[in-house]
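Trainee: Its first residue numbered 496, the sequence shown is counted upward by one per residue in the working numbering.
Incorrect hints may appear among the rest.
[Stated by the list, open to error] Listed next, the in silico BS3-like pairs over lysine-lysine satisfying Cα-Cα at most 30 Å (straight line):
1. K528 x K579
2. K579 x K529
3. K633 x K546
4. K626 x K512
5. K518 x K548
6. K541 x K529
7. K512 x K542
8. K546 x K518
9. K700 x K633
10. K633 x K736
11. K512 x K579
12. K528 x K542
13. K700 x K736
Just so you know, the hints here were simulated from the structure itself, not pulled from any lab data.
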Amino acid sequence: MEVTRRISVLSDFEIGKQLGRGKFGTVFLARTKKSHFPCAIKVIFKKQIVKNKLEHQIRREIEIMCHLQHPHILQLYTYFHDHKRIYLVLEYAFLGQMYTELRRLGRFSESRSATYIYQLCDALMYCHRMKVIHRDIKPENLLLGFHQELKLSDFGWAVHAPSLRRTLCGTIDYLAPEMVAGVSHDERVDHWTVGVLCYEMLCGKPPFEHPNTQDTYACIRTAKYTFPPVITPMAQDMISKVFF
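Construct the entire structure; sequences and hints are all you get.
Mentor: Take a look at the structure:
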């Protein structure tokens with residue numbers, strides 16, 4: 496692999512099309528000039544980071560990703576910065592976000608869902624062995640490689656375990672009860688999200704989704720949800736065991 500964690504500069508890369516845009520930066524398709532190795536470059540604007548007081552969070556995200564190497568975790572190859580921007584050179588996930596594919600199809604088959612859940616659990620078991628809690632697992636943060644293999648990405652809310660934090664972070668529909676309650680949490684918040692994702696993959700929407708945020712919180716606290724007929728008894732059993 497030609498991309499290594501040496502000191503890099505932007506001129507080492509040819510920048511291609513925009514792949515995505517977020518609040519604090521933009522992701523571009525790129526390749527190295529020397530060997531044409533494909534990658535993605537996440538460009539983060541320092542001004543926005545300082546304005547939102549996220550300097551420590553960005554440092555933690557980079558530090559965590561530098562120590563994670565797993566086939567189902569998006570790899571951080573290297574990083575560098577100039578006076579205005581931070582550049583993260585990442586593995587390129589050829590098929591993009593799982594979110595896009597799930598919205599296109601409406602839902603996944605049970606066999607495809609089982610494959611993705613297995614790969615996600617494999618990645619999470621590795622993270623938890625490395626004492627890392629992701630805390631923001633959702634379809635937008637699950638990418639798909641060339642062979643449709645899952646890649647867990649975006650460690651912006653990740654922390655080292657054990658965590659005494661009570662931060663309400665992540666996306667509402669995927670929050671675990673202890674995060675909604677504002678109490679300290681551990682890696683089990685990631686386990687909860689596996690159940691939410693399994694449900695969503697099989698029927699196209701998360702189990703606790705409501706138009707009203709407070710109703711969503713109430714359903715999460717009490718694990719109140721129903722199964723549509725499309726979810727088989729075996730899948731229902733697995734999801735129920737995750738939530739209890």
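Trainee: Against each hint, give a clear statement of whether it holds in the structure.
Mentor: Hint-by-hint comparison with the structure:
| no. | hint | verdict |
| --- | --- | --- |
| 1 | K528 x K579 | 23 Å, holds |
| 2 | K579 x K529 | 25 Å, holds |
| 3 | K633 x K546 | 26 Å, holds |
| 4 | K626 x K512 | 35 Å, violated |
| 5 | K518 x K548 | 14 Å, holds |
| 6 | K541 x K529 | 28 Å, holds |
| 7 | K512 x K542 | 23 Å, holds |
| 8 | K546 x K518 | 12 Å, holds |
| 9 | K700 x K633 | 12 Å, holds |
| 10 | K633 x K736 | 20 Å, holds |
| 11 | K512 x K579 | 21 Å, holds |
| 12 | K528 x K542 | 28 Å, holds |
| 13 | K700 x K736 | 19 Å, holds |
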